[in-house]
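*Asks:* Please build the complete structure, drawing on both the sequences and the hints.
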Amino acid sequence: MNKTNPVFASAVRTERKSATVSRRRAERLRDGLTYLLLTLGSLMILVPFTWMVSTSLKRKQDVYTFPPHWIPSPVEWHNYKDAFTVFPFGLYTWNTVTITSFVLLGTLLSCSFSAYGFSRLNAPGRNLVFLVLLSTMMLPAAVTMVPTYLLFNKLGWTNTFMPLIVPAWFGNAFFIFMMRQFYMGIPFELEDSARIDGCSTYGIWLKIIVPLSRPVLVTVGVFTFMGTWNDFMGPLIYLTDENKRTIALALSYFQGSARAAPDLHLLMAATLYAIAPCVVLYFLCQRVFVKGMVFTGVKG
Amino acid sequence: MNLKRKWLTRSRREALDCYIFMSPAIIGLVIFMLGPMAASAYFSFTKYDILGAPAWIGLDNYKALIKDPLTWQSFKVTLIYSAASVPLGLVVSLLLALLLNRSIKGIFLFRTIFYLPAVMSGVAVALLWKWIFNPDFGLMNWALGLIGIHGPKWFIDEHWALPPIIIMSLWGVGGSMLVYLAGLQGIPTDLYEAGEIDGAGAFRRFLHITIPMLSPVIFFNLITGIIGALQVFTEGFIMTAGGPNNATLFSVLYLYRNAFDYLQMGYASAIAWVLFLLILLFTLIIFKSSPMWVFYEGSRRSSK
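Chain order of the listed sequences is R and U. Residue 254 in my numbering sits at position 254 of the first sequence; the count goes up by one each step and never skips. With the second sequence counted from 1, adding 300 to any position gets you my numbering.
No wet-lab data here; the hints were simulated from the structure. Keep in mind that a hint or two might mislead.
Calculated pairs, DSS-like style, for lysine-lysine (alpha carbon to alpha carbon, straight line, at most 25 Å) [said to hold, decoys possible]:
#1 U:Lys347 x R:Lys154
#2 R:Lys60 x U:Lys430
#3 U:Lys376 x U:Lys363
*Replies:* Following this line, the structure appears as structure tokens:
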């Protein structure tokens, strides 16, 4: 009946209109605030980063001048070349790529597979196994390093990529824990309906859980890539042949020793080269993080 | 009766599947983890210089540890560092993730910038921060000087040595930020729409939708944050070498020195196991408290 009243209808219309206007204004204000905070934070991050870039282009004697010159003069582009004429850099990159690819594949497969058991299936002793798994993160690596080395030595794996690759195919406590937390949040109704349609538990893992957890898989992938790409300790301990070295190991050459100060300009150039693939990969991967993608079409 | 037998076989079938799914982790645990862990536990009861064979000395390492003022100092420093850096990192990374989860122009660029620090880990970053907090020609005191503050001597002054390392730990929030971001992606948008229709403001939606839905991820970041913070090492190792006057002597740094500088692997292992028990204790307390504040959408069937 109110619909027929023209005065009321127009009042409603204006009210709605002003509501959307004020809403739009609030939205714009919030966007502005977001930009402000993000820009301030970015500056704080980019200032040190700029220093790294600027240092990488300086002469050795200009690195410690004070106050710092942000724009180096002269600009020493050849630092980037110098940093890598010392090594067979193509070979080291290839070694790093090989190790990283196998580790990435193994980690993603084994961790998501195991995490499904830890989060969505019940078995006696499951929680105890989980606790033991977590406890492996709690003992400082410094005291397990020697026995682990002895183990791989006994297996005849030292001076091969095996100690760096094989363990990744048998899960990783940190990532299994992370995936478990995500898997536990997925509604069971999805699984039930698939089961009724005749899907096996393994099919459910592959066809429902894995696709639904794309953001966490990408996160684990990014972490694994960065961790393996930058890993210094592992290659240092297990690889003795010069032609098996990785980029991270080569970087340590610039870090100086107890007696000699590092060649800071070359170290920064080498570091920037080493992180470039990581930044590119991350930039590409984060496109998976598009709001609302995960549960589209799913009403829990 | 018939029904019961059917239920039994079903739960057994589920248990079998569960073990098969967990098997990569269990096999890895047994082959690569438990052996070395057991070995280090054994070492903690021995005198072991890595070069020769370990000799059994019973509880002597643990007795020495209790009397060693440096161990106590290292635990104190580690606990102070953790108590400050864990909550700080948790809050900052969550706020960042919320900002970066908004769909505005240029968000990809911002997300990349905020993750940059996490990509650059290790020695180069430690050296970078050493320069920032250099009292004479570092960025921090230069910036403080611009607003008329005479900055402290940072790493040279034992009262000011720990704060820069805590501030520096925020440099690494990119990792937990990314995990939060992945978590935020998993919150169904219709929950927010429903909340809006019910008249809940932005803050209430955050408090009653975002936080509970994100609680499994907060739980993860809290536990791994504590485990990581109590094992902080690189900063003390590269930047301060534990000084000045042991103000940044973290436990893992002290045990590392015992193991590889003084060649007392037995004593180092004893410190490691005390630290292990401490971390385990914190973890268990948080795990036990989790049913009160962690909410799992799929918790219908998970048994506790």
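*Asks:* Please write out, lowest number first, the hints stated earlier that are contradicted by the structure.
*Replies:* none
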